[in-house]
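Respectively, the protein sequence lines represent chains A and B.
The first sequence begins at 224 in the numbering used here and counts up by one.
The second sequence begins at 2 in the numbering used here and counts up by one.
No lab work stands behind these hints: they were computed from the structure.
Since the structure is predicted, the reported quantities are computational estimates derived from the model, not experimental observations.
Check the hints yourself; a few may be wrong.
As the list claims (entries may be wrong) - Some residues of chain B that are not near chain A, with every Cβ distance over 12 Å (derived):
#1 Pro62
#2 Asp86
#3 Ser132
#4 Ala163
#5 Phe215
#6 Ser217
#7 Ala219
#8 Ser220
#9 Val225
#10 Arg226
To be verified - Using C-beta positions, here's what the derived DEER-type ranges look like:
#11 Pro211/B - Arg339/A: 42 to 50 Å
#12 Asn159/B - Ser418/A: 50 to 58 Å
#13 Gln450/A - Arg59/B: 19 to 27 Å
#14 Gly45/B - Asp401/A: 49 to 57 Å
#15 Gln369/A - Pro211/B: 30 to 38 Å
#16 Arg59/B - Arg339/A: 39 to 47 Å
Beta carbons: idealized from backbone N, C-alpha and C, even for Gly.
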Amino acid sequence: MTSSAAASQPLVVMENVNKHFGDLHVLQDINLSIAEKEVVVVIGPSGSGKSTLCRTINRLETYESGSITIGGEQLPQEGKELARLRADVGMVFQSFNLFSHKTILENVTLGPIKVRGIKKAEADKTGMELLDRVGVAHQAKKYPAQLSGGQQQRVAIARSLAMNPKVMLFDEPTSALDPEMINEVLEVMTSLAKSGMTMIVVTHEMGFARRAADRVVFMADGQILEQNIPEEFFNNPQSDRAKDFLGKIITH
Amino acid sequence: MLELIEQFNVLNAFWVTIKLAFFSAILALILGTIMAIFRLSPVGVLQRFGAAYVTIFRNTPLTLIILLCSLGLWGQLGFEPASRDSDTFIVDLNFRLAIIGLAVYHAAFVCEAIRSGVNTIPLGQAEASRSLGLGFLQGLREIILPQAFRGAITPLGNVLIALIKNTTVAVAIGVTEAAYALRNMMEFRPDVFLLNFLVIAIGFVILTLPTGLFISWASQKWVVRR
Chain A
224 MTSSAAASQP LVVMENVNKH FGDLHVLQDI NLSIAEKEVV VVIGPSGSGK
274 STLCRTINRL ETYESGSITI GGEQLPQEGK ELARLRADVG MVFQSFNLFS
324 HKTILENVTL GPIKVRGIKK AEADKTGMEL LDRVGVAHQA KKYPAQLSGG
374 QQQRVAIARS LAMNPKVMLF DEPTSALDPE MINEVLEVMT SLAKSGMTMI
424 VVTHEMGFAR RAADRVVFMA DGQILEQNIP EEFFNNPQSD RAKDFLGKII
474 TH
Chain B
2 MLELIEQFNV LNAFWVTIKL AFFSAILALI LGTIMAIFRL SPVGVLQRFG
52 AAYVTIFRNT PLTLIILLCS LGLWGQLGFE PASRDSDTFI VDLNFRLAII
102 GLAVYHAAFV CEAIRSGVNT IPLGQAEASR SLGLGFLQGL REIILPQAFR
152 GAITPLGNVL IALIKNTTVA VAIGVTEAAY ALRNMMEFRP DVFLLNFLVI
202 AIGFVILTLP TGLFISWASQ KWVVRR
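Next up, chain A with everything else stripped away, as it sits in the complex (with noise of 0.2 Å):
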């Protein structure tokens, strides 16, 4: 999996990317380069900056030096430009964000009808066939707040999808879940690592890093200190602080 996707072209490429959140140097130096069809999963302890990174591919933060391309083409600063680089850009919230006052299938239609311009017939019909693959099409008409934290977080997975990106960030999809949706969570992200989506994910759960991540990248203190396929990563970590981190989270 890991030569097949350092063969293909880079996809998304961040290059000495600086940002601060006051005095806090929250991203330091950052360079890291996502190939097509790689799924890389990001981990750290709190605060590491890693759903900053996250949030920066699609500018939802902005940052002060350096650069990121997506597809060879550079992040644009705002307007139109950066509207339409975000439509090819996935992203699922902690907090799954989907909008409260329409139904569970506006929600996934709207990109669709809006940004692509695809009519409302057509839009809800892949709306449907994408909420049936996310096991929630039986709920297209109630709203979000009818439904559980991981239906939710389903159907956010679907709205992404619906516009067909290029990549998809997850900024930790399932740190709001309870326990016992978690998985279903995972498991609808691990058969999308399977069909070859390009992810970025920011995550907790380590055992979705072992099983579908194809690289492991681990931050902390705004630095991205380690990055090995996961298998080497989680039994031969290099840094002190992975080792720390791994020991940590492992003994609970």
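Got chain A sorted already, so can you dock chain B onto it with the hints?
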């Protein structure tokens, strides 16, 4: 009481009050929404314009604004929103100038009510809308404003009730609404002055009480469940 109502055309007067309130409410809603969009926009000039608008009109007495519409807008600047050929020129003119004054004033409050509605929306809604590739205006139209209006029904309703009662200020430029009727009643029937007040007060209660009930019902019905 009925005799009073008939003698002073109280029903007609309240009909004018209703029309005043109706048209100025619609105008205020449109203008207030535009100002709210300005204040929410990423463009600094528009933000400051919206903020200045609210500050100026929220802090100016309504009577002054209405008088300014008549004496300034029409008297000095010659803005004439009625036709001189019409038999009802003066009536139309004052009525329309009053609507402008009422709308301009209440739009400042509508703007702030809508902004309070926007504050009920979690930031994630806007982020999700942006991450789908929706532009600022698209996100506003599809995601933010529909939820903001629903979250702002109660404060918007308060503005509407205040507006209905504030129409009485239009008497200052001679619009023949409820307060105008009251003035006549006080002039010609001072013997029943308490009853005069009561008639007009009941008239307003009949308008505002159901409005208040409707607002409570609507804010329950259209609440955005999260």
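| message | Hint compliance check: list the failing hint numbers for this structure, sorted ascending. | response | Violated hints (numbers, rising): 3, 9, 10, 13, 14; every other hint is consistent with the structure.
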